[in-house]
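**Q** Chains U and R supply the protein sequences, listed in that same order. Take the first sequence: its position 570, counting from 1, is numbered 644 in this note's numbering, and each next residue is one higher. Take the second sequence: its position 272, counting from 1, is numbered 397 in this note's numbering, and each next residue is one higher.
If you are wondering where the hints come from, they were derived from the structure by calculation, not from laboratory data. Do not rely on the hints blindly, as some may be mistaken.
Simulated pairs of lysine to aspartate or glutamate, EDC-like, Cα-Cα distance not exceeding 20 Å [stated by the list, open to error]:
| # | chain 1 | residue 1 | chain 2 | residue 2 |
| --- | --- | --- | --- | --- |
| 1 | U | Lys-651 | U | Asp-550 |
| 2 | U | Lys-463 | R | Asp-395 |
| 3 | U | Lys-227 | R | Asp-406 |
| 4 | U | Lys-190 | U | Glu-253 |
| 5 | U | Lys-232 | R | Asp-395 |
| 6 | R | Lys-139 | U | Glu-522 |
| 7 | R | Lys-136 | U | Asp-475 |
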Amino acid sequence: MAEDLNWAVGGEAGDGIDSTGKIFAQALSRAGRHVFTSKDFASRIRGGYTAYKIRTSVEQVQSVVDRLDILVALTQRTIDENLDELHEGSAVIYDGERSWEAEIPDEITAVDVPLKSLAEDAGGAIMRNIVALGAACKITGFDVEYLDEALEKRFGGKGSKIVENNKEAARLGQEYVEENYDLDHLGYNVDVTDNDYVLLNGNEAIGMGAIAAGCRFYAGYPITPATSIMEYLTGRIEDYGGHVVQAEDELSAINMALGGARAGARAMTATSGAGIDLMTETFGLVATSETPLVICDVQRSGPSTGMPTKQEQGDLNMALYGGHGEVPRFVVAPTSITECFWKTVEAFNLAEKYNTPVFLVSDLAMSVTEQTFPPEAFDMDAVEIDRGKLVGDDEVDEWLDEQGRFRAHADTDDGVSPRAIPGTIDGAHMSTGLEHDELGRRTEEQDERVQQVDKRYRKVETAQEQEEWECREFGDEDADNLILTWGSNEGALVEALGYLEDEDVDVRVISVPYIFPRPDLTDEIEAAEQTIVVECNATGQFADLIEHDALTRVKRINKYTGVRFKADELAEQITDKLSEEVPAQ
Amino acid sequence: MSSDVRFTDFKSDKQPTWCPGCGDFGTMNGMMKALAETGNDPDNTFVVAGIGCSGKIGTYMHSYALHGVHGRALPVGTGVKMARPDIEVMVSGGDGDGYSIGAGHFVHAVRRNVDMSYVVMDNRIYGLTKGQASPTSRSDFETSTTPEGPKQPPVNPLALALASGASFIAQSFASDALRHQEIIEQAIEHDGFGFVNVFSPCVTFNDVDTYDYFRESLVDLKEEGHDPNDYEDAKKVILDSDKEYQGVMYQDENSVPYHEQHGVTEDMSDIPEGAPDDAMDLVREFY
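The task is simple: from the sequences and hints, build the whole structure.
**A** Here it is, written out as structure tokens:
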């Protein structure tokens, strides 16, 4: 593993923590370094604490670790919250002129910089965080010119004066440290490369994937942590002839999206678990009317209002089973930020190929994490669009009954019926949440009921045969121990492999992006001596599915503190778990 | 095709199961005639219905249609129209669907002013569930769930629309076929959200708001010389709870429909076979 640097800025909500962190992440990305960011929101003791953390390396980084090297602390709380992660080589940048007296353990280097005064010298106290960034550049040996690029990107729209003031603020911070401290012994040296990376989070990747996939209609209602998908699409989707509408609630949002889809648009709505609760009312209608629709759930901690700004993967069962009655739905869960893009594209194709709702299940950790990638990771030329059995004017004929009526729910061999959208001549038909015959008309005839139920489930069989349902594999394919996971834990697991290797622990990691239909992993589980399922929930919802599929018991690592897995922590837990007794079969 | 469309083209081959004499027959006939008369045909028309006796209308009409969940017909219609501005969208519902479970959507659909029509079959009763009070039932109307009456004033849907910033507010009577059709036509042709509350008597469960009652009490605003473009006059008739009016109460001559306000004019079903040509620009934004 190449040397990584772990940096953070923390303070009160409203201190500009987010934008400060984003600027530094941007600067590192411009310098051809990889970054992986995470955010701490308000925690339980007292409201207000927030932090933006960056892990950076010249190699790809995809997890946070339990170590902090440079901390910009705008409050004492920031220091207290991160004490466990600070170490002998850490430096804490703070402003000694401010009213609070920083209590920093002796072994940690305290770097007192008059952030506010220097910012005022540069043109305004508001730039104190930028002074701190300049100071951080000096401590880490990072060329402040990369910071200039990020400042230009951030403040370019506000005029050159603002940009120049910020650049000056950064320089004042850098010079202050240079003149007052000798910190070479800390030994930080941030290498740069010629690589060009893009820096984005999972929600932006989902939004971008939606536009790439031809989604033109989005209806949503603001909710943390899904709102940024809607915000991304707003102002961009219009360039492609699309539209975003803010509905009055989630009940309306999913019905608007359903209307858009029935009208022939690739349509989507996104929310978090609490919004899925409301959307569940309409889910059955979407599924039984065989409407292609992508419903995105960016999970957060539940139940009820839960911990709205905290990570959890507790909605898997809801995505799989939510709603009364029985009707198939697909559930796809991207496992990384690039996969947020690709699985969104795939979700739209699956929805239209099989005329079915697709739950696209992401989570808070992925939604707020910004990560660097080479732009080719989002190669738009590789995006394929398959609209399934969408019939045009010249194809309607073959789907009409003897009386010239369109068979919107025709009982076909593969279970997939044709789809005619408004404007298609002779394609007019009704769709309904009532059980219906082939024409979409209400029926309670036993034969027709069974025909339609079977037809809908036949679509799943067809999809299982026709689609790839590929998992992502890491580690040693022949290892005795198998780790299974889903969702955003993949990155931490992949990084944990490095730590496990140091301990001579070999594992095979399979990261599963398909929850339903899903690949049968029985052979892989039987080939392993031990299987551990890793997920961010209390009860092991994915582990339950795996046990059901493979008819065996697995070990489980569950985290439900509201914080995502960290690579080093996970490696330790895996080592411990492997030494526990194997559960009775 | 539209030039030779007859209203019967909007009729499906399913026989309505509404009770004989139900006001919904007349309401639906007027809808079909108005759609045909305004130059639409079943293949470019989308009808949305909710739940209740009114919700069955999609089954008895022939067009593209969605029979949705209870109370959410307006959002569905909104989505259809936004994705396909070229399609004629007509949403129908009942007083329960529109003013009770769907009341929140009603307010916001009115505000959005999407260019579609909304026809509410108001019978002042829950008919399909066999006679419970509806939001428009009289406060002393005795039903199985309100033996002494709801003891709360009925919702005035016209006032609710007015307060929400409506651009077209009308009321008709299912039994006055010509006027009903004419009013629905005006709602269709209105540039924006054309709202029509239709007195559509329930002959089985409502023995108060009957055909006879409406025939005797109805005042036609057309005959009264009412000017629908006059907001103050509109307010007076809408808030007048002593009389039952028929006609267009209010029409904003300067109504700007949602798609014009927001520049939503494209047929969103038409997309390329891969990512858009310049889609890599979206990636480069993240440099």
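**Q** Is the straight-line distance between the alpha-carbon of Lys-227(U) and that of Asp-406(R) 20 Å or less?
**A** 16 Å, holds
**Q** Hint check: Lys-651(U) vs Asp-550(U), CA-CA at most 20 Å. Holds or violated?
**A** 18 Å, holds
**Q** Does Glu-253(U) sit within 20 Å of Lys-190(U), going by the straight-line distance between their CA atoms?
**A** Holds, at roughly 18 Å.
**Q** Does Asp-475(U) sit within 20 Å of Lys-136(R), going by the straight-line distance between their CA atoms?
**A** With Cα atoms ~17 Å apart, Lys-136(R) and Asp-475(U) stay inside 20 Å; holds.
**Q** Lys-232(U) and Asp-395(R): Cα distance at most 20 Å?
**A** Distance ~38 Å between Lys-232(U) and Asp-395(R) Cα, so the pair is violated.
**Q** Hinted pair, alpha-carbon criterion (20 Å max): Lys-139(R), Glu-522(U). Please report holds or violated.
**A** 17 Å, holds
**Q** Between Lys-463(U) and Asp-395(R), is the straight-line Cα distance small enough, at 20 Å or below?
**A** The given pair, whose Cα atoms are some 15 Å apart, holds under the 20 Å limit.
Checked against the numbered hints above, the structure breaks only hint 5 and satisfies the rest.
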